[in-house]
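A.B. asks: Residue-level listing of the chains:
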Amino acid sequence: MNQLIIDLDFLSLKKNLKKDFSGLKTLNIAILGDSSTQLLNQAIKGFGYEIQLNFQIYETDYGQIDQEVYNTSSELYKSNPNFIVIFHSAQKLLSKFYESSDSAKKDFATNHIQYLNNLFNKVKENTNAKVLYFNFIEINDFVFGNYGNKVQTSFIFQLRKLNYELMNLSIEHSNVFINDISSLSNQEGFRYSFDPKMYVNADMVFSLDFLVKVAKNTADIILSQIGRFKKCLILDLDNTMWGGIIGDDGIDNIHIGDLGIGKAFTSLQAWSKQLKQRGIILAVCSKNTEYIAKEPFVKHPDMLLKLEDISIFVANWESKVDNIKYIQSILNIGFDSMVFLDDNPYERGIVRNEFPEVLVPELPEDPSDYIGFLINLNLFEMASFSEEDAERTKLYQEESKRVDLKKTYTSEIEYLRHLKMTSEVKAFDNFTIPRVAQLTQRSNQFNLRTIRYSESDIMEITSCGEYLTLSFDLNDKFGNYGLISAVILKKIQDYLFIDTWIMSCRVIKRGMEEFVLKKIVDIANEYGFTKIVGEYIPTPKNGIVKDHFLKLGFVPGDNNWVLHVNNYKSLKIYIDEK
Amino acid sequence: MKNNEELNYVIKKVNAIFNDVLENDDIKINYETTVKDIDEWDSLSHIALVVSIEKSFQIRFTAKEIQDFKNVGEMCEGILLKLGNKK
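Chains as they are written, first to last, in the numbering used here: chain A, 1 to 578; chain B, 1001 to 1087.
FYI, nobody ran anything at the bench for these hints, they're computed from the structure.
A couple of the hints might just be wrong.
To be verified - Below, computed lysine to any residue pairings styled on SDA-like, alpha-carbon distance capped at 20 angstroms:
#, chain 1, residue 1, chain 2, residue 2
1, A, K18, B, E1065
2, A, K15, B, K1070
3, A, K18, B, L1044
4, B, K1055, A, L11
5, B, K1055, A, F190
6, A, K15, B, A1063
7, A, K15, B, I1027
8, A, K15, B, N1024
9, A, K15, B, L1044
10, A, K19, B, N1024
11, B, K1064, A, A202
12, A, K15, B, D1039
13, A, K197, B, D1039
14, A, K197, B, I1038
15, A, K197, B, E1074
16, A, K15, B, D1020
17, B, K1064, A, V200
18, A, K15, B, I1038
19, A, K18, B, K1055
20, A, K197, B, K1055
21, B, K1055, A, K19
22, B, K1055, A, D7
23, A, K197, B, E1065
24, B, K1070, B, E1054
25, A, K197, B, N1024
26, A, K15, B, K1055
27, A, K197, B, N1019
28, A, K15, B, S1056
29, A, K18, B, I1038
30, B, K1036, A, A202
Using the sequences and the hints, build the whole thing.
C.D. replies: Written out as structure tokens, the structure reads:
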């Protein structure tokens, strides 16, 4: 990942088009717009190179959105898109609004939403592609002045209503994601995002500079959908979380709170805390004596972050490289899902050098710039949201208690017995579908085939009759892990094909695999299938399950693994079914 | 008509922008060069050229000017004029 992505300009993206894309993962992207999209196409394609993705772009002449979507044999569907970018510009919307009668103006947003509802349904009938729909930059024609906010037939009223209803519509359509260019334009300012003479001469509604931001935003959504997103924020303390140096200045003299420069640090703490509440893991990595570093968290009245917000607290005088390695080993997540914040350029440099996958933002010198700078980077794009996200910090804290318990037992088996594990097993249902979809997106290590599914994909799988599904949660004496494993079995003739077998890495070495296999065999028996067939598709991250089927007693087949149900020998299991 | 020295300086600077934006170091432009003379100079790259020139000289063209440039010379005279007005 290019660490300085924010500094890219359009020309450098354009130059990327000539680079060698062979060997990069390919994704098919269709771009449909109602104004000129050629440069947007170039920007997105060029941005792909920065994140090591080969976007194969299908582009139509502009103004062809409806024709392409409603014609079931259109080139759009033939291009077999993974993602369809659909873009109606605010400028075209404004022209359409002006042509409407007064009564139509009042229902303008409602009518556009209805039109989109039909459009999105049509897309879904014809392809599994995900739709990225651009919302509308909030241009106000001031025909009604500020009073337009009180008039239903003003453009700004209808436009804002439209943006709001778009969010609702995207909740209903799980295959639709909003590309929030309205917020992007707010960040940079409309004068930055729009170049009137480009619009006049070339029907371009984005300036070249803004195209780069739009391309990044589009790529952010795509990356999160294919499972590449950040899960953990590692924080330095002195001059990052508070002003001053706790070891030298003492707890009474660090800057934090509502006064002066303290406000800058408090804003960053408040934001970090919100991230934690939505499921980002917070870790501390600080060069300090541990009890001194912890003191403000416990005693300082203005500290928003408390010790219970931090999943792993590392304060010592070792190298930050070693400490980040340690944090990674406990969390068991990839370096590429971590963000490291540190005010010290030296520390940033060595961490970036040792772990190029860790994202290390080049924090501005002035702490009052921190929060605005970080927000603009959109570091924490997400693909789905479930209630378990908010519980994540607690889960990692329970895990460290388990690590302590394990140390008191001499044998693994004795330890597993004492955990008193139980699991609830059931087919996917409306309550579990969001979490199952999320597991398919998040799991990189214990994932046999790494097929990513959206919520709408999973709904289709549960309802179409061609599959059997199993979800597993896990409880032990320390707490509830929640839903941690899922299996999708495709019915093919006399056998069940394991389309998906995924498990959260938090429950590795609990004997969960053996328990899951037993349930797969049970369901095969129940439905009269004689064989179970599995496949392992290697990725850079799933080496941990390379010998998974071998260990469970499958025998090699043609590029796959086969278990005859009759040959299944029950393995020792320490988990009781609830 | 501005003096030739200034114009040649501007043409030289614009030439470097053409080389960079059109990704071809062999392109040599002069006063009479038109869109027809350079393969890479199409309506899309024209936008990138104009934006790069604006940034480089810190000037702004009008929509009409962008449409009306008949050749490199007119473009560079336009740049000189704007630079003169700024002083």
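A.B. asks: It remains to establish, for every hint, whether it holds in the given structure.
C.D. replies: How the hints compare with the structure:
1. Using a Cα cut-off of 20 angstroms, the hinted pair A/K18 and B/E1065 is violated, with the two alpha carbons roughly 31 angstroms apart.
2. Distance check on the hinted pair: A/K15 and B/K1070 sit about 27 angstroms apart at the alpha-carbon level, beyond 20 angstroms; violated.
3. Taken as a hint, the A/K18 and B/L1044 pair is honoured in the structure, with Cα atoms around 16 angstroms apart against an allowance of 20 angstroms.
4. Using a Cα cut-off of 20 angstroms, the hinted pair B/K1055 and A/L11 holds, with the two alpha carbons roughly 12 angstroms apart.
5. Between B/K1055 and A/F190 the CA atoms are separated by roughly 18 angstroms; this keeps the pair inside 20 angstroms, and the hint holds.
6. This hinted pair does not check out: A/K15 and B/A1063 have alpha carbons roughly 26 angstroms apart, beyond 20 angstroms.
7. A C-alpha spacing of about 17 angstroms is found between A/K15 and B/I1027, which places the hinted pair at or below 20 angstroms, so the restraint holds.
8. With a C-alpha separation of about 11 angstroms, the suggested pairing of A/K15 with B/N1024 holds against the 20 angstroms cut-off.
9. Taking the CA atoms of A/K15 and B/L1044, the gap is about 14 angstroms. The hint holds against a cut of 20 angstroms.
10. Proposed proximity of A/K19 and B/N1024 is supported: the alpha carbons are some 15 angstroms apart, at most 20 angstroms.
11. For the hint linking B/K1064 to A/A202, the alpha-carbon distance of about 12 angstroms falls within 20 angstroms, and the restraint holds.
12. For a cut-off of 20 angstroms, the pair hint linking A/K15 to B/D1039 stands: about 17 angstroms separates their Cα positions.
13. Restraint check: the Cα-Cα separation between A/K197 and B/D1039 comes to about 24 angstroms, which exceeds 20 angstroms; the hinted pair is violated.
14. Restraint check for A/K197 and B/I1038: not satisfied, since their Cα atoms lie roughly 23 angstroms apart, outside the 20 angstroms limit.
15. Our distance criterion of 20 angstroms between C-alpha atoms is met by A/K197 and B/E1074, whose separation comes to about 19 angstroms.
16. A threshold of 20 angstroms between alpha carbons decides the hint, and for A/K15 with B/D1020 the separation of about 9 angstroms falls inside it, so the pair holds.
17. A distance of roughly 9 angstroms separates the Cα atoms of B/K1064 and A/V200; the hinted pair therefore holds under the 20 angstroms criterion.
18. At most 20 angstroms may separate the alpha-carbon atoms for a hinted pair to count; A/K15 and B/I1038 meet this at roughly 18 angstroms.
19. At most 20 angstroms may separate the alpha-carbon atoms for a hinted pair to count; A/K18 and B/K1055 exceed this at roughly 24 angstroms.
20. Distance hint between A/K197 and B/K1055 is fulfilled; the C-alpha atoms sit about 15 angstroms from each other, no more than 20 angstroms.
21. For the suggested pair B/K1055 and A/K19, the alpha carbons sit about 25 angstroms apart, so the restraint of at most 20 angstroms is broken.
22. Straight-line distance between C-alpha atoms of B/K1055 and A/D7 comes to about 16 angstroms, which keeps the hinted pair within the 20 angstroms bound.
23. Simply put, A/K197 and B/E1065 have alpha-carbon atoms about 10 angstroms apart, close enough for the 20 angstroms limit, and the pair holds.
24. A hinted pair counts as satisfied when its Cα atoms are at most 20 angstroms apart, and B/K1070 with B/E1054 qualifies at roughly 18 angstroms.
25. Distance restraint check for A/K197 and B/N1024: the Cα-Cα separation of roughly 26 angstroms exceeds the 20 angstroms cut-off, and the hinted pair is therefore not satisfied.
26. With a C-alpha separation of about 18 angstroms, the suggested pair A/K15 and B/K1055 falls inside the 20 angstroms cut-off, and the hint holds.
27. Restraint check for A/K197 and B/N1019: the C-alpha separation of about 24 angstroms exceeds 20 angstroms, so the hint is violated.
28. Taking the CA atoms of A/K15 and B/S1056, the gap is near 18 angstroms; set against the 20 angstroms cutoff, the hint holds.
29. Under the criterion of a C-alpha separation no larger than 20 angstroms, the hint pairing A/K18 with B/I1038 is consistent with the structure, at around 19 angstroms.
30. For a cut-off of 20 angstroms, the pair hint linking B/K1036 to A/A202 stands: about 19 angstroms separates their Cα positions.
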